[in-house]
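J.: First to last, the protein sequences are chains A and B.
Mapping of the first sequence onto my numbering: residues 3 to 395, in sequence order.
Mapping of the second sequence onto my numbering: residues 3 to 395, in sequence order.
Incorrect hints may appear among the rest.
Because identical chains share one entry, a pair is satisfied inside a single copy or across any pair of copies.
Derived SDA-like pairs: lysine to any residue, alpha-carbon spacing no greater than 25 angstroms straight-line [as the list claims (entries may be wrong)]: (1) Lys340 <-> Pro113; (2) Lys19 <-> Ile127; (3) Lys44 <-> Lys340; (4) Lys355 <-> Val198; (5) Lys18 <-> Pro149; (6) Lys6 <-> Thr147; (7) Lys239 <-> Gln369; (8) Lys355 <-> Gln112; (9) Lys260 <-> Gln306; (10) Lys388 <-> Gln306; (11) Lys288 <-> Gly321; (12) Lys360 <-> Ser284; (13) Lys44 <-> Thr372; (14) Lys44 <-> His60; (15) Lys355 <-> Pro113; (16) Lys359 <-> Arg42; (17) Lys18 <-> Ala349; (18) Lys260 <-> Asp283.
Note that these hints are calculated values from the structure, not bench results.
Each chain is listed here by its residues.
Number of protein chains: 2
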Amino acid sequence: MDIKGFKFSAVEAAIKKPGRLDLALIYSEVPATVAAVFTRNKVKAAPLLLSIERALNHVSRGVVVNSGNANACTGRQGMSDAIETARLVADALGVHEDSLLVASTGVIGQPLPMERIRNAIPDLIGELSRSTLADVAQAIMTTDTFPKMEIRTGEAGGRLYTIAGVAKGSGMIMPNMATMLSFLVTDAAVDPSWLVELFSSEVDRSFNCITVDGDTSTNDTALIMANGMAGNPEIFKGTPEAAIFAESVRNILLSLGKQIVRDGEGATKFVEILVKGALSDSDAKKAAISIANSTLVKTAFFGQDANWGRILAAVGYSGAEVDQDLADLYFDDVAMVKNGVFAGGEAESLGSKVLLKKDFSVTVDLQLGTGSATVFTSDLSYEYVKINADYRT
Amino acid sequence: MDIKGFKFSAVEAAIKKPGRLDLALIYSEVPATVAAVFTRNKVKAAPLLLSIERALNHVSRGVVVNSGNANACTGRQGMSDAIETARLVADALGVHEDSLLVASTGVIGQPLPMERIRNAIPDLIGELSRSTLADVAQAIMTTDTFPKMEIRTGEAGGRLYTIAGVAKGSGMIMPNMATMLSFLVTDAAVDPSWLVELFSSEVDRSFNCITVDGDTSTNDTALIMANGMAGNPEIFKGTPEAAIFAESVRNILLSLGKQIVRDGEGATKFVEILVKGALSDSDAKKAAISIANSTLVKTAFFGQDANWGRILAAVGYSGAEVDQDLADLYFDDVAMVKNGVFAGGEAESLGSKVLLKKDFSVTVDLQLGTGSATVFTSDLSYEYVKINADYRT
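Make a model of the complete structure from these sequences and hints.
T.: Okay, structure coming up:
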């Protein structure tokens, strides 16, 4: 895999336990267009406050990421640590410090171990020619059990380009961003204003449609850098090239999003929740999110119990318009409920068989309109409780 | 305990497993004033749809309750079963069928076992002189591990009166009512319009301030019946007698609410969440509810981990106004965070000691205004997952 003009590095800075990569750098040899989306949580970590400002002009040389410490709720010290980290790396690279973004993920409320980060920076620069994006995917993991990466190639104006992305996140995952970091890089040349528009809307349709536990983190960051080194003519909105590029971005984001749900803390199930027939798309999304975040629904998934009543109850309190005498409900293709009433017959035994699968879908048809939404979620298991009861210890 | 003019009955109708009371009757020998609050879930069980209509004129002779089956998502059959249950009991009592309310709790989506209910009604009537309100408290339990009851006495115009209440609920508990039933009875004479106003506002301050898992059920019902048999002059709003009566109702509701949280499915902790210094009371309640419902916060409570970062993150995504550089956070009296930053020093070890307690409080001071709210919640344990994964099997 070669994404022209990008270099990657991942090293051990001893922020996490020994033997684990925890400091990474994505670097573009030339200034790249950058589009970024950040958490909507009103409590934002220092690296986000800094990166939000630096991403405003949509040009960047790269991003420095650490795992193991979120640098959140760390006050002025946290901000000065974020600034220093970027400055030290920028100085070593010989670029302007404002051209580097920063991202952090891990425990909240503890100061960054700056001495260790300072000591690791020469190594971080030295690894730039040896590490790959796959190493970055490793370095940004926290409770993740596997690294998450996706790649696509395309063609524009006779030139081949590559788009690749990595992501981390397995708990505190909820629409409007999660404890989730995702970095996409491409050597395609893309019109900056369209890239910003595209990335924001595609994140809405992917990362903002996954939920593990309904918690929105202080550190969520997703960004794409496009450095144009593929040599293609700039891709503009509304062209056939734009459609192809957009589809690749969408597929990468959706794939990364699904990988995150599959790696949901303690997850034993991967469930697609489709709500259709709603009065509006936003009503459909409210209902789908409500189902996906219900602890009663999620524990029933874990117990492989076809407890459709809890699903209808979750729709009922979602805020979406619903007529309880119209709603249909399916597990995969098995109709469990027709017009609000249990379908009876073989539905119970067939529905129970669906719940035994690792992957299945829940469809609710509200039969009120044409609004629809799809959300991906996991179940809630003993293991989720264990992981999160003991996270800091 | 004697509440003049009220009789109680609780029998086994074999709706639940053998040996458990599951059908109950609260009966007033004279027409009583009734005030009731029902779930705000848009999916409502048949007994609620019926009782909402029958409670409109604020006069009732009693309520028939079954546990083990919610009679929810049961369509027309469910409504006709609810009507028949009330009619059979009304006929046996010799009262008008419209004067009886009905309530159900248990599994959603299965038809009421009407044959068993019909067979049990003679017994239900026969027990009226032998059962007590404590038996009713037993009969309405589902996953509850103990019956919930509270009682107060008062005086008005030289006459002693009694107020007593029972409740059930231990999962699917969330503000705006829970899978929760609660019935209060008093022999005091109370102005009907004030009773309606009082009960609604006191439920808001008690049952709507508790949460176990954030799920709002299809069946929640809380009501109070006042039959005036104590012989006191009617209690009117704004009088000293009204203040005393209101305080008793408040204390009963709050006590029942706290009992429900203590009996939260799998709960090992009882946590009082106080948010103050908010821009408004409603902002404070948003923030408190968000903390109380966060699975990450609740698993940290279970793990006895003083993970205050998750609490601030939950405030951040609650929708309440927050300035992250102003918020203070306490575990009991231990300041963990001052102006958004970890207090350091002994805070970690002192805070961790607080978390070892079975009962403790979390206080967040947003330092923005004078809004405040208190919410009661439990932790999220392995046992919660176990109970809810296996509920129907």
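J.: Need the list of violated hint numbers for this structure, in ascending order.
T.: Numbers 4, 6, 7, 12, 16, in rising order.
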